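Student: The chain contents come next:
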Amino acid sequence: MASTETTTSDTPDAQPETRPDAREDARPDARPDAREAPKENGADLAGLEAGLDALETQTAQRTAFGRKLLSKALPPIVAVALVLVLWQLAYHFKVKEHYLLPSPADVGRTLQEKWLEGTLLDYVWTSLSRGALGFLISVAIGTPLGLIVARVKVVRAAIGPILSGLQSLPSVAWVPAAIIWFGLSDATIYAVVLLGAVPSIANGLVAGVDQVPPLYLRAGRVIGATGLNGVRHVLLPAALPGYIAGLKQGWAFSWRSLMAAELIVNAADLGVGLGQLLEQGRELQDMSWVLSAILLILIVGIGIELLIFAPIERRVLRSRGLLARG
Amino acid sequence: MAATLTEAAVDKSTTASATDPAYAARISHVSKSFGRPGAQQLVLDDITIDVAPGEFVTLLGASGCGKSTLLNLVAGLDKPSAGEIEVPGGRPALMFQEHALFPWLTAGKNIELALKMRGLAKSERRDEAERLLEIVRLKGAYGKRVHELSGGMRQRVALARAIAQDSQLLLMDEPFAALDAITRDVLHDELTRIWRETNLSVLFVTHNVREAVRLAERVVLLSSRPGRIAREWEVGIPQPRRIEDSAVADLSIEITEQLRGEIRRHGQH
Ligand SMILES: Nc1ncnc2c1ncn2[C@@H]1O[C@H](COP(=O)(O)OP(=O)(O)O)[C@@H](O)[C@H]1O
Ligand SMILES: [Mg+2]
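Heads up: the sequence lines are chains B and V, in that order.
In terms of the UniProt record's numbering, the first sequence opens at residue 1 and continues consecutively.
In terms of the UniProt record's numbering, the second sequence opens at residue 1 and continues consecutively.
Please keep in mind that the hints were generated in silico from the structure rather than gathered at the bench.
Here the structure is a predicted model, which means the values were calculated and not measured.
Glycine is no exception: its CB is placed at the ideal position from the N, C-alpha and C atoms.
A portion of the hints provided could be inaccurate.
Said to hold, decoys possible - Listed next, with one range per pair, are the computed distances between beta-carbon atoms: (1) V:D78 - B:V172: 21 to 31 Å; (2) V:K79 - B:R151: 19 to 29 Å; (3) V:A82 - B:T226: 17 to 27 Å; (4) B:A157 - V:D78: 16 to 26 Å; (5) B:L322 - V:A22: 21 to 31 Å; (6) B:D210 - V:G236: 48 to 58 Å.
Said to hold, decoys possible - Taking lysine-lysine pairs in the DSS-like style, the calculated list, with each CA pair at most 30 Å apart, reads: (7) V:K79 - B:K248; (8) B:K96 - B:K248; (9) V:K144 - B:K72; (10) B:K68 - V:K79; (11) V:K139 - B:K248; (12) V:K122 - V:K139; (13) V:K116 - V:K79; (14) B:K153 - V:K139; (15) V:K122 - V:K79; (16) B:K248 - B:K153; (17) B:K248 - B:K68.
Said to hold, decoys possible - A few chain B residues facing chain V, derived, Cβ under 7 Å: (18) A43; (19) D44; (20) A46; (21) E56; (22) K96; (23) L136.
So here's chain B without its partners, still in its complex pose (with noise of 0.2 Å):
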């Protein structure tokens, strides 16, 4: 790129020529002078801006990474401990008959005989293995669902509130009817997850769409991406934040529905899960051992969403200035 004064005092500015007649007559001499006499030098000016620039953005100020992790893990690790004191006290004096509320110790050690048996992760993962593969069912279905009711106006008014409706319904209302269709199987199990993770799932994409600042559409058409060239260069990656906390709430429809269904659909030819040891627990009416099958349904819910969701949620936030840094 040269500066100005290489490029323009010795532009030949023949362009009065082109013009029509009528409109030189309007615009005596306006064109001739008008790009002429250089007076900004070109260096200054760019030097200028360069200042303009380094003035205005601010630097980011990185804070120490142990310090970050200490202040975010530290809270939770203490608000758990206090969960457990509290337990603990409440098991010594006796709230309730040691069956009835056994201590933190007494649920680690079933937790214990289960890992050592070899069958915890069996469980953990017939499981999670089901949610898995029910999340990304609904995922494949409710995705092109959301998209068309949020951009095809008859698909809205009909389904739309349906649509919204099905996600205040509880999951497990839908077993009856699956065992009724599908009797007790894997069938019953995925239909469950799936009536409950696609409304959610498509919600949030109808959200994410319907948050899209007219703005970006319009920039979009402007440079041309109209059509699926918009739909995918400019409507999509616009409404993802929306997207991803549709899947995120997705996955814990999912879960849930999970779970519900494995407590009540329980077959010997079905792998037990979850929700099939903690109805085991109770059949046995071990308090422990239904503690521990709770446990471990709410570690999995919460660690998937810690591991696999919050990062990416937290990494498309940032990547368009929309986290606070902190």
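Guided by the hints, dock chain V with the ligands onto chain B, whose structure is given.
Tutor: Relative to chain B, chain V with the ligands alone:
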């Protein structure tokens, strides 16, 4: 214009061949109303403006007089209620008051998206984007996210993206209105420089009289409710100008008087 800017500047006299249309945009007898039939609000009334190839025209008017509406019509984002708009050079580029850059892309990728939409081969996009960033003097900004840039830098990236469309006509809707005075002043110089080095025609909308005079070869004043062309001025002051130049001030005073007169008329009934 896909060639380097310096070449384009030198070629300026020869590129306008005899077959080229004599205008970069022709707005003839355009009217626009909003609202449902029966309760219509006439926003633009019989607007006729020609923008010559390579010309810099500013459209000046009070807030709400229909400037953005008119630019949207020229950009093809909306259709006029009456009249015709011809833009022979293809889809015009449009710059908004807000930068309208996509926050999920880096500065460079924002420009590359425009290049992609224009049909430039993938292998050439990166270099072309770097070149356009250099034109707006943002050489190191390729990998920067939009939120990492200052307001002035964002508008320069937006300008680079607009130029990337390789359109003959650049529409600008109060692009510097949200910037501080110092930055705005620098961007005026920058825009003037880029305009002089390219064969772009610019239709620039503003409510700022001095800005209009500082930039334009021709100032078109719009009245309000409905928006009509009140008057035009040729600005014969040689470029580059400064916004403080006495010639700029003199013409600004004259135009401001007229503008105030237009506004006053609305208070009289
Ligand atoms: N889509 C629309 N529907 C109804 N009225 C509109 C619409 N767009 C603009 N207007 C009206 O048109 C007038 C001009 O608006 P606009 O072009 O944005 O003015 P300016 O850009 O000059 O400030 C305003 O009174 C505004 O309320
Ligand atoms: Mg406006």
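Student: To test your reading of the hints: which numbers does this structure violate?
Tutor: Hints 1, 5, 7, 8, 10, 11, 14, 15, 18, 19, 22, 23 contradicted; others consistent.
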